[in-house]
Structure formats: C-alpha cells, structure tokens
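From first to last, the protein sequence lines are chains A and B. Letter by letter, the first sequence follows residues 500 to 582 in our numbering. Letter by letter, the second sequence follows residues 844 to 1042 in our numbering.
These are calculated hints, taken from the structure and not from any lab test. A quick note: this is a predicted structure, and the numbers were derived from the prediction, not measured. Misleading hints may appear alongside valid ones.
Taking CB as the label site, the calculated pair distances span [stated by the list, open to error]: (1) Gln962/B with Ala559/A: 36 to 46 angstroms; (2) Ala999/B with Val508/A: 26 to 36 angstroms; (3) Trp531/A with Val995/B: 36 to 46 angstroms; (4) Lys504/A with Leu892/B: 40 to 50 angstroms; (5) Lys504/A with Asp895/B: 41 to 51 angstroms.
Derived list of chain B stretches under chain A, where covered just means 3 residues or more per stretch with a C-beta under 8 angstroms from a C-beta of chain A [to be verified]: (6) 861-875; (7) 879-885; (8) 910-922; (9) 1027-1033.
Positions of the beta carbon are idealized from the N, C-alpha and C atoms, including for glycine.
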Amino acid sequence: MSSTKLLAVAWIALLALTLLSGVAGAALHGGWLIAAVAVLVVIKGQAVIDLFMDLRSAPALLRVAVSVWLVVVAVTVAGAALA
Amino acid sequence: MTSFDTATAEPASRTPSEIPGDLAMWCFILAELTAFALLFVSLAAARVLHADEFHAGAATLHPAMGLINTLVLLTGSYLVAHGIAQAKRLGVRACNRWFLAGAGTGLIYIVVKVAEYAQLGLAGYTLRSSTFHFFYFFTTFFHLMHVVLGMVILIAVGRRCRAGSYAPADLRAPESAASYWHMVDLVWLVLFPAVYILR
Chain A
500 MSSTKLLAVA WIALLALTLL SGVAGAALHG GWLIAAVAVL VVIKGQAVID LFMDLRSAPA
560 LLRVAVSVWL VVVAVTVAGA ALA
Chain B
844 MTSFDTATAE PASRTPSEIP GDLAMWCFIL AELTAFALLF VSLAAARVLH ADEFHAGAAT
904 LHPAMGLINT LVLLTGSYLV AHGIAQAKRL GVRACNRWFL AGAGTGLIYI VVKVAEYAQL
964 GLAGYTLRSS TFHFFYFFTT FFHLMHVVLG MVILIAVGRR CRAGSYAPAD LRAPESAASY
1024 WHMVDLVWLV LFPAVYILR
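Generate the whole structure from the sequences, applying the supplied hints.
So this is what it looks like as structure tokens:
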C-alpha cells in the first residue's frame, strides 16, 4: 500500500474510532466505559505516533518515549476516573 | 536559493535512524509533552479528590462539540501528514497548500472552542465555578494556545516552502512543523475523553 493510501486509511479509521468513543460515552457507564475509552485512546494515539508523526522509522528511543507518554497519561486519567 | 523545479527534484527520504524534523523541535515537543503530562496528573488528582464536582461539572459540557473538534484535529493531522508525503514525492513546495488546509482545520477548532466557552460563560460558568471548571478552562485554553502556535508554524513554514527558501529535498523544516502539529493532536486525543467522556 502506498504511503498516501495508508495515511487515508488511517485517517478514516481514526474518525471511525473517534465516533465509536462518542457512542461508547453515551452507551456505556462505569468501568466498562473507562476501559473502552482508555483502549481507544491508546490505539488512536499510537496510530498518530506511527503513521502521522512517522516515528515508525525514527530512532527507537524517540518512538518509545512518545508511546510511553501516551500510555502513562491515558492510564493516569483512566485510573483517576476508576478511583 | 534557486527556485524549485519538480522535474529535477530528487525524492526525499530519511534513513531509519533519522528523526522527522530537527532535533531542537523534538526537544521542544518532548518538553511540551512533559508539561501536558503534569497537567494530566494534576487533573487526575483533582478528579480523585473532588469526584462529585467533576461528575457534576462534566454534565455542563456538550460532548458533541468536543467530538467535532476531535474529528477536525484528526483531519488536520491527516492533511499535514499528506502534505509531507507529497513533499517527499515532489519536493518541499508541494506541502504548502496541505499545510494551509491543516491550519484551516485549526481555525475551525478555534471557532468551535470559542463558541463553547461563550455558551458556558453565558450559563454563568467560570474558572471559579468549581474545581472541574478550573481544570476544564485552564487545560483546554492552554491546549488552544498550542493550536494557535501550531497554525502559525504551519503557515510560516508553508510560505517558506512555497517561496523556495528550502532545498527541494530538505524536509527538516516542514517535518518539524508537522511534528508539532501532530503533538497538538495527540494531546487532544487524551484531553477530549478526560474532560468530556469520563464522568
């Protein structure tokens, strides 16, 4: 798949996942909502990191640093909502 | 600097060990991410300590507006990433209009956000209304300022690309601008559920 097609597919998938998180926010409650939203945030964020920021081919340290940031803040926010 | 000619441009690409853009920009981006991480930790601590205020406060927001802004920023990120892909194929001049389109989505984001602030203001909500509203206004306005800065960077770099200020295959400046814009998008992907969805 060409890079432009891959970007277009990623964009459509990200829009779909965002709409899904909106639906989840209205349909789910409590722990299920928090877990679903946290997973969606990490998936979407990693797609932005790998495909839009193009850190797939960057030095591993940079990609890991940004990915760890994403997981830490997502887990922190979700953990506080669960508490 | 000579003007750019697509017919003679060499395809631009990075080796696997290179970062997209300048190292200085990535130091700035990592510093920004650290600042936002501290804000998210503060937000999480406040949520634990004032759970009732957060529950009641989140109910005063309109998740649809946050959802629209998420779709808008993701579209902006796509347009900018597409601009970089085009620049790799055709040279840096090709990214200008995509960067302008990306900055345009930033303008839509600002209009929606200002409308939301106005709506909340007319309903009597301010920074002092509750702990939730303090964090809502503070974090979203802090993020809004980054959207504005991202737009300025995209427009400035896009204009320089069009003017032929960079060598056709030199993608460091446009990749730096794009990376900053994607960072703004990445932060919003966490901020949106943190204030609008998780109640």
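Violations among the numbered hints: Of the numbered hints, all hold.
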